[in-house]
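Undergrad: In order, the protein sequences belong to chains W and P. According to my numbering, the first sequence is numbered sequentially starting from 1. According to my numbering, the second sequence is numbered sequentially starting from 1.
Since the hints were made in silico from the structure, they are not lab data. Since this is a predicted model, take the numbers as computed values, not measurements. There could be a bad hint or two in this list.
When the alpha-carbon atoms are kept at most 25 angstroms apart in a straight line, the in silico SDA-like pairs for lysine to any residue are as follows [stated by the list, open to error]:
#  : chain 1 : residue 1 : chain 2 : residue 2
1  : W       : K137      : P       : E177
2  : P       : K73       : W       : F102
3  : P       : K110      : W       : T133
4  : W       : K137      : P       : A135
5  : P       : K72       : W       : A40
6  : P       : K52       : W       : L217
7  : P       : K110      : W       : P144
8  : W       : K121      : P       : A115
9  : P       : K52       : W       : S210
10 : W       : K121      : P       : H138
11 : W       : K137      : P       : L140
12 : P       : K95       : W       : Q123
13 : W       : K137      : P       : Q236
14 : W       : K139      : P       : A115
15 : P       : K81       : W       : T133
16 : W       : K137      : P       : Q237
17 : W       : K137      : P       : K73
18 : W       : K137      : P       : K119
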Amino acid sequence: MDIKYMLEIFPQFLSVIPITILIVVLSAVFGLLLSIPVAAIRIRRIPVLSQLMGAYISFTRSTPILLQLFLFFFGLPVLLQLIGFDITNIGAITAAVVCLIFFNGAYMSEVLRPAYLAIDKGQHEAAESLGYTPFQKMKGIVIPQMAPIALPGLGNAMIHLIHDSSLVFAIGVVDVMGLATIMSGDTFGMKQVEVFLTVALIYWGISMVSEQIIRLLERRKKRVLRKTGYELKEEEAGYSV
Amino acid sequence: MLNIENLNLSFGDHKVLDDISLEVKKGEVITFIGPSGTGKTSLLRCINLLEKPESGRITLGGLTYDFGSITKKETLNLRRKTAMVFQQYNLFKNKTVLENVMDAQIVVQKKSKKAAHDKSMKELARVGLDGKADAYPHQLSGGQQQRVSIARALAVEPEVILFDEPTSALDPELVGEVLKAIGEVADSGMTIILVTHEMSFAKDISDRVIFMDQGRVAEEGPPEQIFNHSESARTQQFLRKFYTTTH
């Protein structure tokens, strides 16, 4: 194995790591924003919309994400044309991010929904009886109690997202994985192990950093949990595909 | 001061409250008694709109609200003039005792932190829990939690405090401290509407006792009349049953 070669190619990856991070961060942030109304619609069981969201969540969780990427990349321009936008060619990164936002919106809504439902009805009623507006109630009472329950699930979602983002090379995005496939081709397959091992180490690094961030938040969570006296069983909040 | 006219509430086909009218004077202590499932708690919950009646009117603090057409703004307004003490206390789990009492003053009433703090400490002292200001609800006994929730209700200076079976969830040895706190609230001149199964307490504290049966007011009058010289066969039957099963 050629460790010198690995050290040689590593700097080239520095230019594409931001693309991977950009895709992950955008998908995580907007995915979370999307998951809030989706979870709200399902919690309130708004007729028609709730069933629609159920189908969306089921579809997203039951089809391979690689397939979803192709559907968005090839399907989005067609769909946009139908509603009057004439974009025959959307960028691969745009398609990838939009796809991962939809994927994460579904995934995270299924983390938020049980977390919301775990909050005792009496907590809502106490706030309502004192004249809190729905927003004041959510901000001061409900969300602070939901956060520690939802955190492990959201952390899982983040790690999954980092891993799933490696698939976007399939629609032509030159992210970390994309560059690796190019390199592996350039060397006519001679240095494949070195290239992919380097990539594995990079993903490991990115995941480690996000894990540290999550752990930091979890420590705060544990403090909150101790305060509220709430016993959290991991399987209660844990979520995995 | 508080006036309810022709209040009706149904859950599906089941009529929970049937044309209830009630007038409460300022400083009056009114107790609802009666068998389970006769709408006592529902009536209390209608007064601050945790249940929405389909028809009727309520007048509180000089303003009249029509239940049939009440707006979101009116709902908040009405709720801000009332406070509720729940059977299960329902203290905010993520907040300390002091924060529980302060929060509504800051968030809803927009008081300064300093003013809310001082008011809260005063109300906590009144229920004898100023020493527990920094504890979290789960660190307190049920009786202490209920006394905090009484302080939380007092702190927003409502026109009326609604007590929904405030001692029903408590261990018997903790009931006394909560009843004592409620007694002091009553002595201070606060208007109180109470639902309870503590008959001897009801007898002592109430200006008026209302016996409810099947969603209607079956009999009402001063405690002396209801408990000792009831004119209603239904009331007598309930009280007799009550005393033979629980005492």
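Undergrad: Now tell me, hint by hint, if it's right for this structure.
TA: Here's how the hints hold up against the structure:
Of the supplied pair hints, the one linking W/K137 and P/E177 is violated, its CA atoms being roughly 30 angstroms apart against a limit of 25 angstroms. This hinted pair does not check out: P/K73 and W/F102 have alpha carbons roughly 36 angstroms apart, beyond 25 angstroms. Only pairs whose Cα atoms come within 25 angstroms are accepted, and P/K110 paired with W/T133 is accepted, the gap being roughly 13 angstroms. Only pairs whose Cα atoms come within 25 angstroms are accepted, and W/K137 paired with P/A135 is accepted, the gap being roughly 22 angstroms.
Simply put, P/K72 and W/A40 have alpha-carbon atoms about 20 angstroms apart, close enough for the 25 angstroms limit, and the pair holds. About 40 angstroms separates the Cα atoms of P/K52 and W/L217, which puts this hinted pair outside 25 angstroms; it is violated. For a cut-off of 25 angstroms, the pair hint linking P/K110 to W/P144 stands: about 21 angstroms separates their Cα positions. With a C-alpha separation of about 30 angstroms, the suggested pairing of W/K121 with P/A115 is violated against the 25 angstroms cut-off.
Taken as a hint, the P/K52 and W/S210 pair is broken in the structure, with Cα atoms around 47 angstroms apart against an allowance of 25 angstroms. Distance hint between W/K121 and P/H138 is fulfilled; the C-alpha atoms sit about 17 angstroms from each other, no more than 25 angstroms. Restraint check for W/K137 and P/L140: satisfied, since their Cα atoms lie roughly 24 angstroms apart, inside the 25 angstroms limit. Taking the CA atoms of P/K95 and W/Q123, the gap is about 11 angstroms. The hint holds against a cut of 25 angstroms.
The hinted pair formed by W/K137 and P/Q236 fails the criterion: a straight-line CA distance of about 44 angstroms is larger than 25 angstroms. Proximity of W/K139 to P/A115 is assessed by CA-CA distance (about 22 angstroms); at most 25 angstroms being required, the pair is judged to hold. Straight-line distance between C-alpha atoms of P/K81 and W/T133 comes to about 14 angstroms, which keeps the hinted pair within the 25 angstroms bound. Taking the CA atoms of W/K137 and P/Q237, the gap is about 44 angstroms. The hint is violated against a cut of 25 angstroms.
A hinted pair counts as satisfied when its Cα atoms are at most 25 angstroms apart, and W/K137 with P/K73 qualifies at roughly 15 angstroms. Between W/K137 and P/K119 the alpha-carbon distance is near 22 angstroms, which keeps this suggested pair within the 25 angstroms criterion.
Going down the numbered hints, you'll see the structure goes against 1, 2, 6, 8, 9, 13, 16, while the others check out.
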